[in-house]
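Undergrad: Sequence:
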Amino acid sequence: MSDLGQLLKKARLDKGISLDQLEETTKIRKRYLEAIEEGDYKVLPGNFYVRAFIKSYAETVGLDPNEVLEHYGKAVPATEVEPAVEPIRRKRSSTRNTEKLSKWASNILMLSFILLILGIIYYFIGTSYSGNDPKKQVDPSDKITDKLPDKNAPSVQNTGDAAAGGQTDTGKPPEGSVTPPPVNLPEPVVTFARSVGNIDYYTVTNADKLNVKLVINGEECWLSISKIIPATADRKQEHQSIESKLYKKGDTRDWTSDQSVYLNIGFPPAAEITVNGVPIQLGTVKASKKVQIDLEKPM
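For the sequence shown, our numbering assigns the number 52 to the initial residue and increments by one for each residue that follows.
Worth flagging that the hints you see were computed from the coordinates, not collected in a lab.
Just so you know, not all the hints are guaranteed correct.
Restraint-style ranges between C-beta atoms, simulated for each label pair [what the hints assert, rightly or not]: (1) I172 - P330: 44 to 50 Å; (2) P330 - I280: 37 to 43 Å; (3) I168 - N257: 21 to 27 Å; (4) G177 - T254: 24 to 30 Å.
Simulated pairs of lysine-lysine, DSSO-like, Cα-Cα distance not exceeding 27 Å [what the hints assert, rightly or not]: (5) K348 - K81; (6) K81 - K151; (7) K106 - K264; (8) K341 - K299; (9) K151 - K78.
Every residue gets a Cβ at the ideal spot worked out from N, C-alpha and C, and that includes glycine.
Modelling step: build the complete structure from the supplied sequences, incorporating the hints.
TA: What follows is the structure, encoded as structure tokens:
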């Protein structure tokens, strides 16, 4: 048994945690946990999973995972060098067309609002002047009794709902009313920004929140997702962990965040990820991949 394995096993026994309980908490198979305690890392599915499993093990038994890896990092197999992924190139013409459509939609919406205001003003001005029409003045020669309704004629009353809604007995709106045009909100736009090393950067606009959906179609895949806390005058940019777990085939998961997020995918070919309904290209390379999704909220 290695020194690192002895440290982890002792911390587990001090906490009174069995291997079965640890397997249920970390979602890591029991034989992998035993291999970590014995220092037999060849049993694990790959070098990338060694550090991820050790961090999850240490955190569950109350140890600082970063401090554990710092002291025993030399005994842990190094992560394989990940090949550079060719960035996705998008035609600039499509981006320009999207910007033109957004400007046209904004202009049309503003013009519709102005026309609506002018129509309401015209309606009220016309109603005010109609009260001074000399043709509608009362003729003194008319008898009041001629204007009284017939007692035998059936009376017609408006219901409370019709009066409150400003409608006639037929259920139709009164003449001269103006119906505002429907307002179509722009759909969220997910754009690939750049690729630096093994990190792909995406930008999401026209949205207040991010909706990230995960579907595991292939074999099991380890994935971690964290929220990016923006930097301030008092502190640097931080990553706040949302979830870190080994998912199996058929698993699905949804996350919603009001901040930018950072994902680390252990086996990209097995995962399918969509952001606000738009799929993210992970490629077919079997090495781990990192994706940062920046949320640009509307002003």
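Undergrad: Does each hint hold? Answer for all of them.
TA: Results of checking the hints against the structure:
1. I172 - P330: 44 to 50 Å: holds, 48 Å
2. P330 - I280: 37 to 43 Å: Once the Cβ atoms are compared, 27 Å apart, the range 37 to 43 Å for I280 and P330 is violated.
3. I168 - N257: 21 to 27 Å: Holds, since I168 and N257 (Cβ atoms, about 25 Å apart) stay within the stated range.
4. G177 - T254: 24 to 30 Å: Violated, since G177 and T254 (Cβ atoms, about 49 Å apart) do not stay within the stated range.
5. K348 - K81: Violated, because 44 Å separates the two Cα atoms, which is more than 27 Å.
6. K81 - K151: violated, 56 Å
7. K106 - K264: At roughly 25 Å apart (the allowed maximum being 27 Å), K264 and K106 satisfy the hint.
8. K341 - K299: holds, 19 Å
9. K151 - K78: Given pair K151, K78 is violated - Cα atoms ~48 Å apart, limit 27 Å.
Of the numbered hints given earlier, the model fails hints 2, 4, 5, 6 and 9; all others are met.
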